[in-house]
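Working from the sequences, and respecting the hints, build out all of it.
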Amino acid sequence: MTEVVATNETILVVGGGISGMTAALEAAETGKRVVLVEKRPFLGGRVSQLYKYFPKLCHPTCGQEINQRRIKMNPNITVLTMAEVTGLEGEPGAYTATVKLTPRYVNDNCTACGECAKVVEAEFDNEFDYGMSRHKGAYLPHVMAHPMQYVLDPRIIGTGDAQKAKDACKYDAIDLDMEERETQFPCGAVIWATGWKPYDAARIQPYGYDRFENVITNVEFERMADPKGPTGGKIIRPSDGKEAKNIAFIQCAGSRDRNHLFHCSRICCMASLKQTHYVVDAYEDAQVTIYYIDIRAIDRFEDFYQNVRAMDNVGFVKSKVANIITDKDGNPICRGVDTEGYHRYENTHDLVVLATGMEPSVSKSDFPVDIVINREGFIEPDPANGGVFAAGSASDALDVNRAVQHATGAALKAIQVVNRVAGAEG
Amino acid sequence: MSDEKKFAAFTCTGCGIGDRLDVKQLEMTATRDGKMPSCQTHEMLCSKEGVAMIQNAIDNDGVNHIMIAACSRRAKIEAFHFPTVAMSRANLREGVIWARPEGDEHQETTQEMADDYIRMACAEVRFMEVSQPSGEQGCVENILIVGGGVSGMTAALEAAAAGFHCHIVEKEGQLGGWAARWHKRIPFRAAPEGTPNTLTAYLPEPVDNDVADLIAQVEANDKITVHLNARVTRTSGAPGRFSADITTESGQLVTENYGAIVQASGWKPFDIDSLPKYGHQHPDVITNVELEQMAREAGDGPIKRPSDGKEVKSVAFVQNAGQASDKEGYLPYHSGIGDLVSIKQALYFKAQNGDDCDTTILYNNLRTPGAAGEDFYRSGQQKMVTFTKGEVNEVANGGNGATVRFKDKILDEDVELPVDLVVLDIGMVPNAGPDPYAANESLEGMSDEDREEAKEKMASETAVTVESILNLDYRQGTDLPQLKWGFTDSHFICFPYETRRTGIYACGPVRRPMDIRQAQDDATGAAMKAIQAAVHATHGEAVHPRVGDLSYPRFRKEGCTQCKRCTVECPFGAINEDEQRYPQFNESRCRRCGTCMGACPVRVISFANYSIDTVGQQLKNVDIPDEFEEKPRILVLACENDAYPALDQAAMSGQEISPWARVIPVRCLGSVSLSWINDSMNSGYDGVIMMGCKRGDDYQCHFVRGSTMAAERMRKVGDTLQTLNLEPDRVAVHEVAITDIERAPRLIREMEEVIERVGLSPFKF
Chain A
1 MTEVVATNET ILVVGGGISG MTAALEAAET GKRVVLVEKR PFLGGRVSQL
51 YKYFPKLCHP TCGQEINQRR IKMNPNITVL TMAEVTGLEG EPGAYTATVK
101 LTPRYVNDNC TACGECAKVV EAEFDNEFDY GMSRHKGAYL PHVMAHPMQY
151 VLDPRIIGTG DAQKAKDACK YDAIDLDMEE RETQFPCGAV IWATGWKPYD
201 AARIQPYGYD RFENVITNVE FERMADPKGP TGGKIIRPSD GKEAKNIAFI
251 QCAGSRDRNH LFHCSRICCM ASLKQTHYVV DAYEDAQVTI YYIDIRAIDR
301 FEDFYQNVRA MDNVGFVKSK VANIITDKDG NPICRGVDTE GYHRYENTHD
351 LVVLATGMEP SVSKSDFPVD IVINREGFIE PDPANGGVFA AGSASDALDV
401 NRAVQHATGA ALKAIQVVNR VAGAEG
Chain B
1 MSDEKKFAAF TCTGCGIGDR LDVKQLEMTA TRDGKMPSCQ THEMLCSKEG
51 VAMIQNAIDN DGVNHIMIAA CSRRAKIEAF HFPTVAMSRA NLREGVIWAR
101 PEGDEHQETT QEMADDYIRM ACAEVRFMEV SQPSGEQGCV ENILIVGGGV
151 SGMTAALEAA AAGFHCHIVE KEGQLGGWAA RWHKRIPFRA APEGTPNTLT
201 AYLPEPVDND VADLIAQVEA NDKITVHLNA RVTRTSGAPG RFSADITTES
251 GQLVTENYGA IVQASGWKPF DIDSLPKYGH QHPDVITNVE LEQMAREAGD
301 GPIKRPSDGK EVKSVAFVQN AGQASDKEGY LPYHSGIGDL VSIKQALYFK
351 AQNGDDCDTT ILYNNLRTPG AAGEDFYRSG QQKMVTFTKG EVNEVANGGN
401 GATVRFKDKI LDEDVELPVD LVVLDIGMVP NAGPDPYAAN ESLEGMSDED
451 REEAKEKMAS ETAVTVESIL NLDYRQGTDL PQLKWGFTDS HFICFPYETR
501 RTGIYACGPV RRPMDIRQAQ DDATGAAMKA IQAAVHATHG EAVHPRVGDL
551 SYPRFRKEGC TQCKRCTVEC PFGAINEDEQ RYPQFNESRC RRCGTCMGAC
601 PVRVISFANY SIDTVGQQLK NVDIPDEFEE KPRILVLACE NDAYPALDQA
651 AMSGQEISPW ARVIPVRCLG SVSLSWINDS MNSGYDGVIM MGCKRGDDYQ
701 CHFVRGSTMA AERMRKVGDT LQTLNLEPDR VAVHEVAITD IERAPRLIRE
751 MEEVIERVGL SPFKF
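First to last, the sequence lines map onto chains A and B. Using the numbering used here, the first residue of the first sequence is number 1, and each one after it goes up by one. Using the numbering used here, the first residue of the second sequence is number 1, and each one after it goes up by one.
Some hints could be false.
Claimed, not checked - With beta-carbon atoms standing in for the labels, derived distance ranges:
(1) Thr96(A) to Thr84(B): 51 to 59 Å
(2) Pro196(B) to Gly160(A): 38 to 46 Å
(3) Glu123(A) to His81(B): 56 to 64 Å
(4) Thr98(A) to Arg296(B): 50 to 58 Å
(5) Asp366(A) to Asp356(B): 41 to 49 Å
(6) Lys484(B) to Asn313(A): 43 to 51 Å
No lab work stands behind these hints: they were computed from the structure. Nothing here was measured: the structure is a model prediction, and the numbers come from that model. C-beta: ideal position from N, C-alpha, C; glycine also.
Take a look at the structure:
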């Protein structure tokens with residue numbers, strides 16, 4: 001395990017998604033020392049689970065390759081994965097961070113040769129595919145993972161599988177005696193880039209996400225479209241594996257709703273328009289219906305919306321779907337009122353995709369430091385936050401482009417603090 | 001450091017390399033064919049001991065050129081980090097053993113692949129030099145900020161707070177731009193923590209204009225110098241050594257040096273008079289920009305209608321007037337903030353004209369994104385602002401007042417709404433200079449002849465053009481290239497500050513329509529990038545995406561024919577021409593993509609660690625079996641950012657790659673020299689595949705035009721092949737994405753099929 005070398009001029013970045021990576025890189029490439037702390041065993045965050053971006057329909061992996069190369073080549077950055085910040089004491093220019101490190105049971109000797117996975121038998125739900133696939137008890141989180149190292153699932157520790165994995169490793173990379181530990185180090189400024197999580201769709205009871213197999217979320221659909229995902233890129237129904245050609249997207253599933261999330265999650269309209277492309281690209285006889293309140297294709301994205309709107313096989317219904325029921329074949333039926341003219345509808349689809357919104361992944365009580373947030377739990381820029389700055393979707397519901405933009409600015413905010421320390425000490 | 005090259009080779013036998021390959025043979029290949037004086041083997045070269053072995057050779061034996069035969073150059077980068085030497089890597093793991101099935105029947109071809117990759121890596125490193133900074137770089141770190149609105153002032157304050165000196169150049173007589181004229185601003189924040197979930201809970205309201213505070217902070221900051229009534233009349237140089245002429249209205253000229261530039265030239269309101277249906281010609285139909293002035297002049301008192309001074313008791317807001325439509329004369333985009341602005345303005349009426357003032361917002365899709373946006377929408381609803389989904393057909397004069405005719409989309413009926421005042425939500429037009437590539441884009445797809453003709457026509461027609469903001473004395477135009485509709489934005493989602501003019505960063509509404517909060521966030525980011533560019537320039541290093549690269553283009557002047565292709569094709573406008581018309585590379589503008597090298601017909605341009613020879617010698621050192629062996633050779637030139645990782649991942653996922661393929665990563669397809677294609681054909685390769693990024697409107701090439709340039713050049717390959725009497729199918733150019741894990745190996749198999757069809761190359765010796 002890398003020992004952390006840090007001073008009061010070091011910047012701590014919490015969260016290794018695209019915002020955290022960006023903030024870390026921008027600061028490090030300006031000559032600052034950075035410690036980047038990520039909870040999962042790899043960097044990249046939710047972006048690594050996306051198949052394509054809107055509006056270019058290009059692949060997030062492409063930028064990730066560049067960002068990962070930048071990180072690998074930059075000696076200013078120390079990356080701690082499977083790590084969480086549990087304490088932060090002090091003041092701007094003089095913080096002490098406490099970081100809890102969860103054992104990976106694999107050390108830096110790992111060459112990602114994959115021999116351990118071949119011998120392990122136990123399998124678990126794969127969080128990377130939102131449980132739609134399984135991974136072995138020794139696994140590489142995904143083929144682009146950084147660090148490019150395997151992980152032992154803690155559930156195999158103490159079982160025969162763990163020993164088998166260790167015996168299969170020729171490089172002494174598996175260390176079953178690793179234990180959870182804590183480390184403390186100084187830092188001058190902190191960038192909080194803990195990102196978002198999808199809203200728990202099961203809480204929207206009328207939509208039956210927890211009851212109907214053919215009602216899924218947009219993040220699950222994204223994995224389904226990915227050729228590296230659980231279905232090999234095939235858009236099919238979970239219930240029977242049938243090709244899903246008639247698909248409904250329900251916008252604001254949880255967002256703009258005082259029973260769930262007050263805020264507009266900003267990305268979901270564009271995400272559904274993007275996912276509509278996946279469907280029409282996959283099937284010539286595709287039929288897509290988008291149930292919406294307002295289509296929020298912001299500023300320059302308007303033409304992306306207009307292009308989808310112009311497709312013959314895509315329909316838009318201004319309506320908040322009242323509820324979903326299913327027929328005997330498991331087909332979900334969306335029921336509600338089209339507010340443009342007040343028509344009742346009852347439409348049968350192969351698959352319903354809930355455009356679930358984003359909420360901050362860290363709740364107020366889990367912040368190790370007092371921080372100003374708004375009602376929705378997003379961090380507000382406030383002098384009371386001292387040397388702690390939010391970056392990306394920890395600050396608001398943002399798309400990737402805006403999150404990266406925001407994170408770049410956050411890097412400068414942190415640099416201002418550590419430069420003042422340097423000035424005072426120099 | 002002595003100039004003498006001292007070589008050493010290292011081979012790893014870990015990860016199955018030693019089990020699958022004859023390592024003695026590999027060592028012999030490195031020393032005999034690869035001409036390496038030594039080849040040391042380690043069972044795990046990336047381990048501490050393995051790395052120490054290499055470090056020892058560097059420290060104690062004076063080795064300055066190393067060849068590492070192990071895993072892909074994308075793997076174990078941290079372990080094999082030897083910045084002081086030239087290094088090549090033979091990809092024996094992902095490139096060979098993982099890409100080939102086990103079994104005796106495959107052994108011979110697998111070993112041949114590995115031996116070839118060793119020969120190639122040895123040849124590459126023999127022709128490499130250690131990269132060192134050019135010494136050209138300047139060391140000025142001051143930042144020039146063009147535009148003194150909220151974006152420019154914020155960029156200056158943020159850069160100054162990090163210790164950097166800034167100059168703001170503002171064309172008006174005062175700072176503040178449009179925002180200084182607003183009555184109030186949209187609240188930045190959502191409802192605070194603890195706000196209850198009730199219909200009457202306090203929600204954010206319009207906030208007093210605080211631009212004056214920002215101006216005061218700028219004026220009080222001793223790191224910021226402000227030039228008012230001034231323009232940048234000439235910019236030359238490069239990051240770290242920009243020189244700008246700042247000319248005031250009175251004709252005063254100051255010339256200063258800067259490390260980097262932020263362009264915050266802002267926006268202007270769309271000219272709604274060009275669309276008479278919105279009725280702006282009528283006295284009581286005004287734009288949202290004009291309303292700000294009226295509301296401000298009214299103080300806290302009621303807003304009055306212009307025609308007769310009557311207090312406004314009903315007002316309609318027409319959203320997206322002249323925006324979001326592909327109809328002739330409309331903006332194809334919308335400002336994205338117009339709905340928030342109208343809510344803010346509706347609340348002016350509620351506050352200043354009384355709760356009983358009817359305020360109707362006629363929208364199609366209401367766009368109030370995020371937490372703050374949605375709360376502000378709720379704030380408007382709470383104060384009884386009416387939101388009607390309607391499509392406005394016409395705004396007619398009502399004598400005093402005006403009538404809006406619209407289709408109510410909910411009730412599905414035509415409505416006439418007479419009001420005292422109509423406010424038009426008009427769009428934001430970027431205030432950018434002329435786009436250096438505007439002409440080229442409209443000419444794409446034309447024949448050479450038509451293109452010349454069209455160019456001449458355009459030159460005469462565009463005598464009255466947009467005024468330049470930066471007046472760059474660059475070979476490729478005076479201003480920042482534009483993405484779309486005049487916005488100088490980055491094309492990349494992951495990299496919003498990517499710029500095609502290194503060291504010059506746009507921010508604020510010139511980049512994308514945005515409100516004050518977004519502009520301030522954006523300006524902070526742009527200031528970050530400007531500082532970073534200046535810092536990199538002082539070290540002579542490249543910026544993103546080849547960040548830290550010390551190599552830079554050099555050219556052999558004696559051989560240069562002054563054909564200017566390099567100066568024209570550089571995607572970043574980095575290359576100027578000197579007085580004698582030779583290229584002048586301006587290395588701190590350069591992004592090291594090598595497009596100039598690929599463009600050069602006489603092969604005089606090179607980088608220390610990447611040149612015609614470092615690639616050319618690789619392909620020449622592949623062992624080409626004679627035709628009787630029936631082992632074709634397929635050269636694959638793969639973009640190192642996308643196609644090469646796709647092939648790596650294919651191997652990692654257990655896919656086979658043809659044993660005939662020999663893959664060479666290139667910085668960008670734009671760097672591919674036609675000479676490599678000619679050489680490979682002449683030396684008996686049976687096929688050549690080029691894998692680059694997507695080109696066209698939604699290009700994914702990290703060097704913007706590299707992939708496009710390569711495709712254009714390769715059109716001419718057909719002639720060469722004809723002269724050699726070879727089938728054109730033997731050369732293929734493909735767009736390959738990093739996710740094409742199955743497709744990339746398939747494309748190589750398809751070339752195998754072509755070769756089966758047309759036969760082996762007759763050029764085998």
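Verification of the hints:
Under the hint 51 to 59 Å, the C-beta atoms of Thr96(A) and Thr84(B), about 36 Å apart, miss the expected range. Restraint check, Pro196(B) to Gly160(A): a C-beta distance of roughly 55 Å breaks the suggested window 38 to 46 Å. In this structure the supplied range 56 to 64 Å is violated for Glu123(A) paired with His81(B), their Cβ-Cβ distance being about 36 Å. For the pair Thr98(A) and Arg296(B), the beta carbons lie near 51 Å from each other, so the given range of 50 to 58 Å is met.
Hint check: Asp366(A) to Asp356(B), Cβ distance near 47 Å, so the stated range 41 to 49 Å holds. Roughly 27 Å separates the CB atoms of Lys484(B) and Asn313(A), a value that falls outside the hinted 43 to 51 Å.
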